[in-house]
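*Asks:* Letter by letter, the chains look like this.
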Amino acid sequence: LAKTTQPISMDSYEGQEVNITCSHNNIATNDYITWYQQFPSQGPRFIIQGYKTKVTNEVASLFIPADRKSSTLSLPRVSLSDTAVYYCLVGDSSASKIIFGSGTRLSIRP
Amino acid sequence: NAGVTQTPKFRILKIGQSMTLQCTQDMNHNYMYWYRQDPGMGLKLIYYSVGAGITDKGEVPNGYNVSRSTTEDFPLRLELAAPSQTSVYFCASSPIPGTYEQYFGPGTRLTVT
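Keeping their order, the protein sequence lines are chains A and B. Those letters in the first sequence? Residues 1 to 110, per the numbering used here, in order. Those letters in the second sequence? Residues 1 to 113, per the numbering used here, in order.
One should not assume that every hint holds.
As the list claims (entries may be wrong) - Residues from chain B that face chain A, not an exhaustive set, calculated with beta carbons under 10 angstroms:
#1 G40
#2 G42
#3 N62
#4 G63
#5 Y64
#6 R68
#7 E72
#8 P75
#9 F90
#10 C91
#11 Y100
#12 Y103
#13 R109
#14 L110
#15 V112
Bear in mind the hints are in silico, worked out from the structure with no lab data behind them. Values in this document were obtained by computation on a predicted structure and should not be read as measured data. Glycine is no exception: its CB is placed at the ideal position from the N, C-alpha and C atoms.
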């Protein structure tokens, strides 16, 4: 399983776009990149998953450069309710288990 | 669908006691997982199961046991509770195979004193 590196914490303001970058230098050919969001006292919630280029859903966008050694989760126009911990995971979709790192603690201010 | 449900929500155990954390999912997912999360830390995988009758160890299995007699249920057993097992326990499930899209339960907050 590829190791990931994320910033420990980030701060931003309501209405701003927030980009959280994850480094995964040892990503393998079959690995996907997945992001989760976790609010205090709740289980993590799946946000988005991608393999290459760009993926967008109603919540976020995921940008993956050609070399796939990093990825960026983009949250458009954040609000206070986006304050949470965000986890980046990388692994083969056929693997039975995944590893969560320490995540990025995102704080949004008014 | 209720998704993934866990009971109890909270529990206080004395050192040496045993208990079972219950987890049930109604999505017919083959894959199920147990994680623990210590304060301010990420999740660590305890055990997982790829289907009824099949279980395997994760990153931190010591002090725990699991069973998977049905697709729906995946109980976690703590034997001889220790203070180091004070944590929040999350159960999750995912559809077969080929996705990291896991669905998590609300968690069980366990304190061992």
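*Asks:* Against this structure, judge whether each hint is valid.
*Replies:* Status of each hint after checking the structure:
1. G40: 8 angstroms, holds
2. G42: 4 angstroms, holds
3. N62: 17 angstroms, violated
4. G63: 19 angstroms, violated
5. Y64: 15 angstroms, violated
6. R68: Given a least distance of 13 angstroms, the restraint on R68/B is violated.
7. E72: 18 angstroms, violated
8. P75: 17 angstroms, violated
9. F90: Where the cut-off is 10 angstroms and the nearest Cβ of chain A is about 5 angstroms from F90/B, the hint holds.
10. C91: 8 angstroms, holds
11. Y100: 4 angstroms, holds
12. Y103: 8 angstroms, holds
13. R109: 8 angstroms, holds
14. L110: 14 angstroms, violated
15. V112: It is violated, given that the least Cβ distance between V112/B and chain A is near 19 angstroms, above 10 angstroms.
Hint compliance for this structure: hints 3, 4, 5, 6, 7, 8, 14, 15 are broken, all remaining hints hold.
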